[in-house]
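For reference, the chains in residue letters:
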Amino acid sequence: MSGLVLPVAVLAALACVPLLSPPDYFMHLLVTGLLTALAGTGWALMGRYRLVSFGHGAFLGIGAYVMGLLWNYYGISPWLGVPIGVAAAVGAGLLLGYPCFQLRVVGHYFALVTLAAGEIVRILIVALRDVTGGSLGMTPHQAPPGGAFAAMQFDKAGFWWVALAAWALGLLAWRVLDRSMTSKALAAIAEDEDAAASIGIRVTREKLKLTMLSVALAALAGALTGQYRMYLNPESLAGLGISLQIVFVAIAGGMYSPIGPTIGALITIGLEESLRVAFGTQFTGAAAFVYGILLVLFMIFLPRGIAGLLERRAAARPGRRLAGAEGTVPAVQPPG
Amino acid sequence: MDPFLLEAVLNGVLLGGVFALPVLGLNLVFGVVDVIWLCYAELVMVGMYIVWFLHTQAGWPLALAFATCLPAIAVLGLLLHLLVVRPLLAAPPINQVLATGGVLFVLQGAATLVFSTDFRSLGVEMPPIELGEVFVSGTKLAAFVAALLGAAVLWAFLKFTYVGTAIRAIARDREVMPLMGVDPHRIYLIASAAGGALAGLAACLLVVQLDVHPFVGLSFGPITFMICVMGGLGNMLGGFLAAFLMGLIVSVGGFYGDTDMSYVVAFLFFILVMFIRPQGLFTR
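From first to last, the protein sequence lines stand for chains W and P.
The first sequence begins at 1 in our numbering and counts up one residue at a time.
The second sequence begins at 1001 in our numbering and counts up one residue at a time.
A couple of the hints might just be wrong.
[What the hints assert, rightly or not] Non-contacting residues of chain P with respect to chain W, defined by C-beta distances greater than 12 Å in every case (computed):
(1) Val1009
(2) Trp1155
(3) Ala1156
(4) Gly1181
[To be verified] Here are some, though not all, of the chain P residues that point toward chain W, as calculated from beta-carbon distances under 7 Å:
(5) Gly1101
(6) Val1106
(7) Asp1260
[To be verified] Here are the computed distance ranges between Cβ atoms for each label pair:
(8) W:Gly107 / P:Gly1138: 39 to 45 Å
(9) W:Gly147 / P:Thr1117: 35 to 41 Å
(10) W:Gly270 / P:Ser1121: 36 to 42 Å
(11) P:Leu1149 / W:Gly270: 47 to 53 Å
(12) W:Ser274 / P:Asp1118: 22 to 28 Å
(13) W:Ala143 / P:Gln1279: 50 to 56 Å
These are computed hints drawn from the structure, not numbers from a lab.
Ideal Cβ placement from N, Cα and C applies to all residues, glycine included.
Construct all of the structure, not just a fragment, from the sequences and the given hints.
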């Protein structure tokens, strides 16, 4: 029971943030940060078991566009549209994942197949421009007066609570997975697929479970991001660019720790915004430039991310156990 | 045969020639160093900017700009290897790919900072050539011929020179070759420079056909990776053939539907190939 106190207290404290009436800009950064963290958390679930996807943008896009199209064309509220979008993305994930895992597409090949899938979704959105608005993007219709709540159109504070709940759901999914047999099976699969199969682990099934979970979180993040911004765009919700950004969030923060992607998201958003404030909008390339350098440096010097660094510090201190370490299986350790 | 279909087929072959160069470069680097350069298309993008800048801004003749682009991108390939890939040679492959993904952001960001997101055109166009009842763009034909020449030079280099033999040997077995007295790091450097030079050549051929902008790499990068994998990663001949196959799919698909959908078809085809022959279409 004592394990519950800290998370609940942190969540309660975070839920009170809007009551301090912080400036709108600050709230905007926090909401964006949480949703980015959620997408990163979804990616890291797969990434830490060496299933590196370069196509998670596709699932953000499917989640967001299914929700947006249902609202704009059929008037189906995002409260329903978001779960439907997530379900559609999970379906797409299964469609891609099943043959991949069954036919043992792994490593580089898996990364490139997912990259192709991500591009397919982006190009489909662009090509179906009569319906989706193509590369110009799509704006969900404003809710009729009085119907804002039913249409999930909130002010920043309202969305903060939605995003917070979604983010907490992501961390909960991580924890549930960590304590399940599936995580142990996946750790074995990541080490050696043949050996895992030979001791009776159903490789395809375990990988599919993981994929469904990971895709669902990414799609949830995509749908909520689209709804929060009230603007959907194929470049920012599908394709290689956004997929790599999700990867960056997870890697920089650390994909072996549940809180890692959140740290990564805060760094990413903080970096982007401070560069924007410092240089103005004409230096839009600066953020990507600094990201890229950081990604390279992280890979070379800190492959476990910032959370990995913090954990190492905590572990080095004698007499203190790692927070949340009991019952968790260390995911795949990178050598060195 | 419908002349328009014939034209689409012809254009597909020409497009395949343009895809072929970056595919060969990627395969060379992957076969030898065993690392995927996720930023390969961005190396091409930098080369395109070099040609554009030297020709339109500095007023250099086009041939001189081309001649500068090749070694410049070769040096960039060397730097990429020394600064990013070499420290990660012992790391898991995924970390290597992600690091080169970081370089992708660096190059895109740098291009945006220096040149802004405007589309830049070289403004060079050769007159179309009439073949029977079909018109073929002169620039595309010239680019195609140059791509074939580049591929032939690469083949001759790998086949007939001492270094080329060492490169092929190390691609075959990287454990044994060091025992035979070949310094793998030297071979890695040469392969990286050659991979860069091929990107530079591809840049020269693309800059006459496409406008340059910082994200132009994303328009042909993903498809080049897919072609590599389809031909079998590291398999030069397979990649070369797959490039023409993809070029045909894109071009003929564009004839029947619109261009965007033809890319969707091409990518779906790739995923199907992955499921049916994950080892590559042309691997024995």
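Results for each hint:
Taking the minimum C-beta to C-beta distance to chain W, about 22 Å, the non-interface status of P:Val1009 holds against the 12 Å cut. At roughly 25 Å from the closest C-beta of chain W, the C-beta of P:Trp1155 stays outside 12 Å, upholding its exclusion from the interface. Here P:Ala1156 stays apart from chain W, with its beta-carbon at least about 29 Å from theirs, past the 12 Å limit. With a least beta-carbon separation of about 28 Å from chain W, P:Gly1181 lies farther than 12 Å from that chain, consistent with its non-interface assignment.
A cut of 7 Å between beta carbons decides the hint on P:Gly1101: the least distance to chain W is about 5 Å, and the hint holds. Interface restraint check for P:Val1106: the shortest CB-CB distance to chain W comes to about 3 Å, inside 7 Å, so the restraint holds. The beta carbon of P:Asp1260 is positioned within 7 Å of a beta carbon in chain W (closest approach about 3 Å), and the interface hint is therefore held. Separated by about 43 Å at the C-beta atoms, W:Gly107 and P:Gly1138 satisfy the suggested range of 39 to 45 Å.
The hinted window of 35 to 41 Å between W:Gly147 and P:Thr1117 holds, with their beta carbons roughly 38 Å apart. W:Gly270 and P:Ser1121 have their C-beta atoms about 37 Å apart, which keeps the hinted 36 to 42 Å range intact. A beta carbon spacing of about 50 Å between P:Leu1149 and W:Gly270 agrees with the range 47 to 53 Å that was offered as a hint. Checked against the hint of 22 to 28 Å, the C-beta distance between W:Ser274 and P:Asp1118 comes to roughly 26 Å, which is consistent with it.
Hint check: W:Ala143 to P:Gln1279, Cβ distance near 53 Å, so the stated range 50 to 56 Å holds.
Checked against the numbered hints given earlier, the structure satisfies every one of them.
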